[in-house]
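*Asks:* Chain by chain, the residues:
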Amino acid sequence: MNQDSRQPILELRNVVSAYGRIRALKGISLKVFDGEIVTIIGANGAGKSTTLMTMCNVVKAVEGDIFYKGERINDVAPDQLPTRGLCQVPEGRRIFPRLTVTENLDMGAFFRRDSAGIKEDLERVYDLFPKLRERRRQLGGTLSGGEQQMLAMGRALMSRPRVLLLDEPSMGLAPLLVKQIFDIIATINGQGVTVVLVEQNANLALQCAQRGYVLETGSVVMEDEASALLHNPDIRKAYLGE
Amino acid sequence: MDYFIQQLINGLTLGGVYALIALGYTMVYGIIQLINFAHGEFFAAGGYMGVIFISWLAAQGVHPYVCLGIGLVLAMLYCAMLAMAVERLAYRPLRQASRLAVLLSALGMSIFLQNGLMLTQGQYDKAYPTEITAGGFQLGGLYISYMQCLIVALTIFLLVVLNLLVFKTRIGKAMRATAQDKVMSALVGINANHIIALTFAIGAGLAAAAGIMVGLYYGTVSYSMGFVPGIKAFAAAVLGGIGNITGAMIGGLIIGMVEIFAAGYISSQYKDVFAFIILIGVLYFKPTGIMGENVDDTRV
Amino acid sequence: MTIQESKRLWVSLGVGLFWFLMLLWPLLGIKPGGLEFSETWAVFSKIAVAAVLIVAVYHLRQAGVLDFIGTPLVKASEAVGRGYQKAPTWLLLAVVLAAALIYPQFAGRYGNDVAISVLIYICLGLGLNVVVGLAGLLDLGYIAFYGVGAYAYALLSLHFGLSFWTCLPIAAMLAAISGCIIGFPTLRMRGDYLAIVTLGFGEIVRLILNNWMTLTNGPNGILGIPRPDFFGYNFASLSSLYYVILGIAVFTVLAVYRLNHSRIGRAWEAIREDETAAELMGVNTFLLKLLAYAMGATFAGLAGAFFASRMRFVGPESFTFLESAMVLAMVVLGGMGSIPGVILGVLVLVALPELFRDFELYRMLVFGGVMCTMMLVRPAGLWPAKRVGRRSEEME
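Chains as they are written, first to last, in the numbering used here: chain A, 1 to 242; chain B, 243 to 542; chain C, 543 to 938.
Calculated from the structure, these hints are not laboratory results. From the three backbone atoms N, C-alpha and C, an ideal C-beta is built for every residue, glycine too. Please note that the accuracy of each hint is not assured.
[Unchecked claim] Some chain B residues judged to face chain A by a derived CB distance under 10 Å, without partners named: (1) Asp244; (2) Asn252; (3) Ala421; (4) Gln422; (5) Ala428; (6) Leu429; (7) His436.
[Said to hold, decoys possible] Far from chain C by the CB rule (all over 10 Å, computed), these chain B residues: (8) Tyr245; (9) Gln248; (10) Leu336; (11) Thr362; (12) Ala376; (13) Met499; (14) Phe503; (15) Gln511.
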């Protein structure tokens, strides 16, 4: 692989993070390169969501370094990261329930000052998710699960991210909707956004991604091309239900 | 009948004042789930700042109504600054601490501020210049003072401005977003600390306006004036459903009306008791307040 | 500490001091007669110097410069702690008790007076400690029970001629009953609502005391309350009264100690740590919370009855919210849930201000400041309880 010689856009080096005394990540190293889709798969409680929260500094890394665009970001406040293009759609979507759809989207562009650009992006998001346009005056909390997922992704897109961290976008959605969401992820990636995808649904995630990491109880146990992982018998047995 | 209408007008005046104080409680509670015990002290500090600025301006020979306007703005700014300092020192370091710790810190701050006011301003009441507070007109059998008109008008004005700020501007949306989900609002780039400081500042500014109004209405202010109206305004916030902005306004009006009518028709000695009884009754029977959770779009 | 951090520290100190000046000057410097700066400057300069010194010391400590002082101090305190743990508990208690018993022989009138108020506050503090420290219920109207006890003795002795010793249990019981009355509607509420409702109840009691002229004589209070007597011996002197309150205080300490280490005490602590879990384990949380209220109120009732007989006067002004806050401050300062802690807290907040009589005016200001500062730097108190966790519902 010549990938390792390239400069990654996002990198974790031996990152340890903890909730109180319980260590959730036990020294994770991973690299994300510009323009790709990387997936992190693993069982419940393996530390997938914690990895994303640590990337955004919501959970502080107690050891190790996090690099974004070549710069160490361990001490950058979480609310500064979206302004630099690192944006997350967290687990459970976390829509602002008592803001309308438009207001939710507007919050995604909170730090931006270019109102013309924001308007343009709003239209782009509405084109990507026509459902949201229909519901734009409705409160976020009244949307269905699929619509909330769309809204959460749309909100993240409003910040014009370079790297988009997606936590379990398929959770609780009907299969048809899941497919739609994954198509949209591919579209977004096609527009030049790097995607880090955390998924329980390993099959879909590995099909969609270029590379994958397998997490087990807070450590990376395997990393490879997505297609290789997809055909790895151990992985098939553990995560693909065979 | 005249007596009834007179009481209605007095109740409206008092209710407006309570509504303004209650907004500070409700907004702060909505955003960090803290009963800001020091809020009553912002109200008292506002009353004092009004006396200080207005008396000084009046002594310089400025027209009374200009004094009033400038004094009001300066006092509101002062209390906003005070609230930001209090938030920074006594509440922000305790963001991760237990509820009890924050509540006790708030209580300590309240005692500190009250005594700070006493030490710097003296133990005795201070009076507003009478050339500002005096005057009124007769309407049928009613007597309405100019100050009452001013209080009602100013209250309505401030409530409208606040509503526009919270529900129409971007910063208002960010405030509501932070109240609803702090982690997520950080993930979209909202600095929660700035928003919380702003919320304290706005709440204290409104309380300061209320303090000046009460000072103008009764003519004097005292260092301990924040305590009882503070609890009553909290009762108003709870009555309207804590965290709910419209609720706080309605709750304030109800508490003001109840107090005036209870004093007028039942017992003036026990008028303070009624607000407490409402508070206890609401918390016991309907802790979500009269606005409830169904009408939830005006929760912050 | 890196250079950057230290720079940030000094910059924020500068901003803070400037902010403080902006807040201080309008209070002191704007007078109708004109603007002046000298008074503001006098106050500000003192505080600024103090703040700079504190930050400098903090800075040096972080840098390890002060280790040559700090390390021996830490070692010494550890040695004292070890000695304390080695010495048998009964010996320590005996020494303390003996000192308390012979104290009036050495203290004058004034010394006895201070000691009596210390002991009264120990009863109050330990009673509140049951409610706040053990059961974890923040009660801001606690002083109402003190008032109930005081008025109960005053009225019963004046109208019915009952003796102090008969009234003592009655006062305690009345206080406990009022504790239940207040507790019953409020105990289903969450922590901070409970705080404000108890505050409301406390105010209602004070307003009733203030306005029910026929019963309480309103703001004028009740005069001429008899001192306790015992088979003809009248406790008229301060030193004899000292022994009465010492007895009540010792009783309170023993009772709270026993409660703390009983099944009930453990159940209270379980409720404090996690109410839901306690309930699921079969603890009757409502009844136990009510019991905590009643027990706390009992000790306040005892203290109140004594207070009435010692002052020979009761009036509503003794039972304001500030008194509640003061007792709470003692409990918090000493350490919630810890008996020696509460006693230490009382000593600090009652006895120390007596030593600095000249600063009487600043007493409450310092109180408030201390309460805030304690929460910031040492939330568990000066002498923390051994068994304290965090409420699980508050952990995120």
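*Asks:* Hint by hint, say whether it matches the structure.
*Replies:* Tested hints:
Annotation: Asp244(B) was flagged as interfacial toward chain A, and the flag is violated, the nearest CB pair being 44 Å apart, outside 10 Å. Interface hint at Asn252(B): violated, since its Cβ lies 36 Å from the closest Cβ of chain A, which is beyond the 10 Å cut-off. Interface hint at Ala421(B): satisfied, since its Cβ lies 9 Å from the closest Cβ of chain A, which is below the 10 Å cut-off. For Gln422(B), the interface hint holds, since its Cβ comes within 10 Å of a Cβ in chain A; the closest pair sits about 5 Å apart.
Restraint check, Ala428(B) versus chain A: the minimum CB separation of about 4 Å is within 10 Å; hint holds. Restraint check, Leu429(B) versus chain A: the minimum CB separation of about 5 Å is within 10 Å; hint holds. With 10 Å as the threshold, the beta carbon of His436(B) comes within range of chain A, its nearest partner Cβ sitting at about 9 Å, so the hint holds. The Cβ of Tyr245(B) sits about 23 Å from the closest Cβ of chain C, beyond the 10 Å cut-off, so the non-interface label holds.
Residue placement check: Gln248(B) keeps its beta carbon more than 10 Å from all beta carbons of chain C (closest about 25 Å). The beta carbon of Leu336(B) sits about 6 Å from the closest Cβ of chain C, which is not more than 10 Å, so the claim that it is off the interface is violated. Thr362(B), annotated as away from the interface, has a beta carbon of chain C within 10 Å; the closest lies near 4 Å. With a least CB separation of 18 Å from chain C, Ala376(B) remains clear of the 10 Å interface cut-off, as annotated.
Non-interface status of Met499(B) relative to chain C is upheld: no Cβ of that chain comes within 10 Å, the nearest being about 19 Å off. The claim that Phe503(B) lies off the interface holds: its Cβ sits roughly 18 Å from the closest Cβ of chain C, which is beyond the 10 Å cut-off. Against chain C, the non-interface label of Gln511(B) is violated: not every CB pair exceeds 10 Å, the least being about 4 Å.
Checked against the numbered hints given earlier, this structure breaks hints 1, 2, 10, 11 and 15; the rest are met.
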